[in-house]
Amino acid sequence: MNTQSYVTADGRTIGPAVMEMKNITLRFGGVVAIKDISFDIRQGEIRAIIGPNGAGKSSMLNVMNGFYHPQEGEVMFHGTKRRAMRPHQIAHQGIARTFQNIALFKGMSTLDNIMTGRLTHMKSGLLRQMVWWGASERDEVKNREVVEKIIDFLEIQAIRKTPVGRLPYGLQKRVELARALAAEPKLLLLDEPMAGMNVEEKEDMSRFILDVNDEFGTTIALIEHDMGVVMDIADRVVVMDYGKKIGDGTPEEVRTNQNVIDAYLGVAHD
Amino acid sequence: MFYREAGEFKTTYAKDQQTFPIALDRWGYFITLALAFLAVPFFINDYWANAVVLPFLIYVIAALGLNILTGYCGQVSLGTGGFMAVGAYASYKLMTAFPDLNIVFVILLSGGITALVGMLFGLPSLRIKGFYLAVATLAAQFFLVWLFNKVPWFYNYSASGQISAPERTLFGQAVTGANAVPAISYLFCLVFVVVLAWAARNLTRGANGRKWMAIRDMDIAAEIIGVNPLKTKLTAFGVSSFYIGVSGALLFAVYLGAAEVGEAFGINKSFLVLFMIIIGGLGSIFGSFAGAAFMVLMPVLLKNIMVGQFGFPTDIAAHFEFVIVGGLIVVFLIVEPHGLAMLWRIAKEKLRLWPFPH
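Chains as they are written, first to last, in our numbering: chain A, 420 to 689; chain R, 940 to 1297.
So that you can see chain A by itself, here it is in the shape it has in the complex (with noise of 0.2 angstroms):
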C-alpha cells in the first residue's frame, strides 16, 4: 500500500492513513450486513462511502466509531490495532460524528449543543464545579473561546442562544456539523451531511466540508447519495452494494468502474 504523503492539485497534503479497516466483517443473527470489507483513510483527505440503500454504509460509520463491533477483522487506528471499546472512549480517542437523523439535544440551546462537543476537552471536577469561580469558569471561558470560533466558521452567530427545537432542518444539520468539529476530531464522521437539504443548502454545507478539511486540516469520512457532490468534493470514493466493497479510487476511477455502473443502473439478467 503506497503510504508516502503527496499534495494534491488544489495544495492539501494527503498524509499516511489515520483509519484503515482491514476485513471487516459485521452479521446480525444471520445477515450479514458488511462482508469482508478493507479500506483507510488518509490523512487530511475527504474520504467518501457511497452505494445504494441498505448497502451497509451506515453500518460501517457505526463500526469506526466503535457502537457496533465487528465479529471479523479489525479497525487500525493510527497505526495500531484498536481494542473493543465503548463509543464514548472512541469519542476521546478524537473521532466524531454526526447523525443521519438530527441527534441534537433539544432542551438545549444552539451554545450549549456545540459546547457538548466540547465535553472530551473539559476537565474541571466535580467539586471545582460546584464552586465555578476559579478553575471552573477559565475551563468554560477558554471552550467557549474555541466554540465561538466554530461559530463564526459555520455562520450561525444569530441562533447562538436559540433552543434547537425551534431552527429549521438545514441550520439544526450545520449545529450538528458545529458540534461534532467542536471536539477538534481527528477523524470527521458524517452520515448523509446532505440528506433532505434543498440546492442552496447542500451548496453551503459542501462549502463548510471543504473548508473544514482546508482550514483545520480535518480528515473527514461522509456517506452521501447526491453523486454530483460526492464526485465533487471526495478525494477517494469507496463504492459499497450488498454489503460487499465494489469499488475503490478517485471519483474518476470509480465513475468508469464496471462494477459500479452495474450496481447503479442496474445490469440485464440473462
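Derived from the structure by calculation, the hints contain no laboratory data.
Mixed in with the good hints there might be a few duds.
[To be verified] Okay, the calculated beta carbon distance ranges per label pair:
1. K561/A with P1294/R: 36 to 44 angstroms
2. R674/A with L1282/R: 58 to 66 angstroms
3. Y683/A with F948/R: 54 to 62 angstroms
4. W552/A with T1108/R: 28 to 36 angstroms
5. F948/R with E493/A: 35 to 43 angstroms
6. E671/A with P960/R: 51 to 59 angstroms
7. P471/A with Y968/R: 57 to 65 angstroms
8. K561/A with K1170/R: 21 to 29 angstroms
9. K1170/R with W552/A: 19 to 27 angstroms
10. Y952/R with G434/A: 30 to 38 angstroms
11. A1078/R with M646/A: 53 to 61 angstroms
[What the hints assert, rightly or not] In silico DSBU-like cross-links for lysine-lysine, where the CA-CA straight-line distance does not exceed 30 angstroms:
12. K500/A with K1170/R
13. K561/A with K949/R
14. K500/A with K663/A
15. K561/A with K1170/R
16. K500/A with K525/A
17. K954/R with K580/A
Note that CB positions come from ideal geometry on N, CA and C, so glycine has one too.
Place chain R on chain A using the hints.
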C-alpha cells in the same frame, strides 16, 4: 420599560454566561438575599416558621435534588421519601453515636451517606429507563422504609420506634431540640438552601450539567460524543441523593424533632417532591423554589381563607383543601406543562418588550 437588557454590553464570555444577565434581575437577587438574611429573622415567629418558612426551605433542597436527577438528567425517581429517610436516620445515628460532632457536619455527612445509598440504587439506571426505572426507585422507597422499621438498631432500640433529635448547638445557639428558637432554625436552614442552590446552579450550567442534559435528551448521541453514561447517571444519582439526604436530615432534626419513618418519609413524600418539580418546572433551579413554595404555601393559604374568612369547619376545610390543590395542579399542568418556571420566563420576556408587543 425598566426591565431590559438594552445598554448592557457583555464584553467577556464570563459575563455572558452569568446566572442573571440582566442588571435588574441581579439586583432583585441581591435584595432578596439581603432581606432573607437581615430582615426576616427579626420578624419570624413560631407560626410562620413552622407552618410556612421552614418546610419551604427544607423542601426546596429536596426539590433541587430531585430536579437534578429527574429534570436535568432525565432519570425518573419515586424514591425521594426513602432517601430523605436515609438522611434522617443517618443524622440520628451520627448525633447519638458522636455527641460532640458539630451539627453542620452531621447534616453534611448524612447527605454523603445518602449519596452512597442513592448511587447504589442508581446502578440499575444504566439498563432500565423511564417507567421501569420509576418502579425500581419505588422499590427502593418501600425497601428503605421497611428497613428502618424492622431493624431496631436504626432507632437505637427505642420502645416507640421513633427517632428524636437531641439538642445540638451552633455558636452557642440551639439549632435542634426543644430549645431552638425559630430565627436560629430559620437561619440554619437558609444557609444550607443558599449554598446548595448556588452549587446546584454551578453544577448545572457547566460541563457537568451539559453531560446530564445530553443524557436526558438523547443518551445514544451523548455516548457517541464522549459522555460516559454510567458515570454521568451515577453522578446525578449521587448529587441528587446528597441534596435529598440533607433535606431529610434537616426535616427530621430541625423541623420535626421526632419522626417515625412510615409517617414522615412514606410514599406521599416522594410524590409531594415530584409534584413540586413538575409544577415548578423540570430542569430549572428557580422552578424548584417556585414548586416548593406552591406546594407548601397553597394549603396554608387555602386553609386560612376557608377557615378564617368563610368560617368553614376545619374538617371540611381540610377536605376542600385536597380538592382545590389537586384541581390547581391539573389546571397548571394543562395551562403550562413546563411549570411555573416557564410562566416566569414568558412573563419576563414579555416584560422586556413592554409596552411594545414585539
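**Study point:** Unsatisfied constraints (hint numbers, rising)
**Key:** 5 and 16
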